[in-house]
Amino acid sequence: AQSVTQPDIHITVSEGASLELRCNYSYGATPYLFWYVQSPGQGLQLLLKYFSGDTLVQGIKGFEAEFKRSQSSFNLRKPSVHWSDAAEYFCAVGARRGSTLGRLYFGRGTQLTVWP
Amino acid sequence: KAGVTQTPRYLIKTRGQQVTLSCSPISGHRSVSWYQQTPGQGLQFLFEYFSETQRNKGNFPGRFSGRQFSNSRSEMNVSTLELGDSALYLCASTLDGTAGDTQYFGPGTRLTVL
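First to last, the sequence lines map onto chains A and B. Residue numbering for the first sequence follows our numbering, starting at 1 and increasing by one per position. Residue numbering for the second sequence follows our numbering, starting at 1 and increasing by one per position.
Quick caveat, the hints were computed from the structure, so don't treat them as lab data. One thing to keep in mind: the hints can contain errors.
In silico lysine to aspartate or glutamate, DMTMM-like type, Cα no more than 20 Å apart, as pairs [said to hold, decoys possible]: (1) B:K57 x B:E75; (2) A:K49 x A:E15; (3) A:K49 x B:D101; (4) A:K68 x A:E15; (5) A:K49 x B:D96; (6) A:K68 x A:E20.
Taking beta-carbon pairs under 7 Å as the criterion, some of the chain B residues facing chain A (in silico) [what the hints assert, rightly or not]: (7) G42; (8) L43; (9) F45; (10) L90.
The beta carbon of each residue, even a glycine, is placed where N, CA and C say it ideally should be.
In isolation and in its complexed conformation, chain A is listed as follows (with noise of 0.2 Å):
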């Protein structure tokens, strides 16, 4: 069954540091990775997506994560964190290519707080 594991449910860094967010999925196929962010009151707002190729992919602010399929992680870094990027962070697994399943399974989020 597919599912989704971010271990880490709190992390709190200061302001410049570097950030990692790790996540685990299991799937029976390569699937598609995602890593969403969600800030209080808000939907949820795409940050990278890995389909397939260069297993380092560059997201919107800044972000990107290295997909390895031997740990089957998809984990998320930044090298410099901003007090706006204080969030919850979703990891998410899509269906391989070519499904009509496009539904997501989520991890249950990592909480970031962001000292200044």
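Given chain A's structure and the hints, the job is docking chain B onto it.
This is chain B only, laid out in the frame that chain A set:
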């Protein structure tokens, strides 16, 4: 292009009542998915509509239903509300809902059941 819009943004209902939530997708998008977000269960898939047909369904009771209109706008209905239905209901639209198609989310409808 305008984003995904959801109405209303907030709703308060009492147990036993029913509620209808509305979602207008991005212009040109034909697939609409609904998700329920709660602190206890996280984000869970409810169902997906494409060309006025329910194409995928999550593991929710029959009290949860939906439909899609010819203009791709979608509504979801929850009958006989229970306290546990209190949640943020998110709608997402995609071009055609195939795997990998980017899902664009609306701001959600916050439903509180008293």
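Query raised in the report: CA of A:K49 to CA of B:D96, is that 20 Å or under?
Result: Judged against 20 Å, a Cα distance of about 17 Å means the pair holds.
Report task. For the hint on B:L90, just tell me whether its beta-carbon gets within less than 7 Å of chain A. Result -> OK, holds: B:L90 within 7 Å of chain A, min 6 Å.
Query - Cut-off 7 Å, beta-carbon criterion: hint that B:L43 touches chain A - result: Given a least distance of 4 Å, the restraint on B:L43 holds.
Query raised in the report: Would the hint on B:G42 stand, with a C-beta cut-off of 7 Å toward chain A?
Result: With Cβ-Cβ at 5 Å, under 7 Å, it holds.
Requested in this report: Mind checking the alpha carbons of A:K49 and B:D101 for me, to see if they're no more than 20 Å apart?
Outcome: 10 Å, holds
Requested in this report: Would you mind confirming whether the straight-line C-alpha gap from A:K68 to A:E15 stays at or under 20 Å?
Outcome: At roughly 27 Å apart (the allowed maximum being 20 Å), A:E15 and A:K68 break the hint.
Report task. Below or equal to 20 Å on CA atoms is what counts here, so check B:K57 against B:E75. Result -> Status holds; Cα separation ~15 Å.
Requested in this report: Assess, step by step, whether the Cα of A:K49 is no farther than 20 Å from the Cα of A:E15, and give holds or violated.
Outcome: 25 Å, violated
Report task. Report holds or violated for the interface hint on B:F45, using the least CB-CB distance to chain A and a cut-off of 7 Å. Result -> With a minimum Cβ separation of about 5 Å from chain A (threshold 7 Å), the hint on B:F45 holds.
Query raised in the report: Does the alpha-carbon distance linking A:K68 and A:E20 stay inside the 20 Å limit?
Result: Judged against 20 Å, a Cα distance of about 14 Å means the pair holds.
Of the numbered hints given earlier, the model fails hints 2, 4; all others are met.
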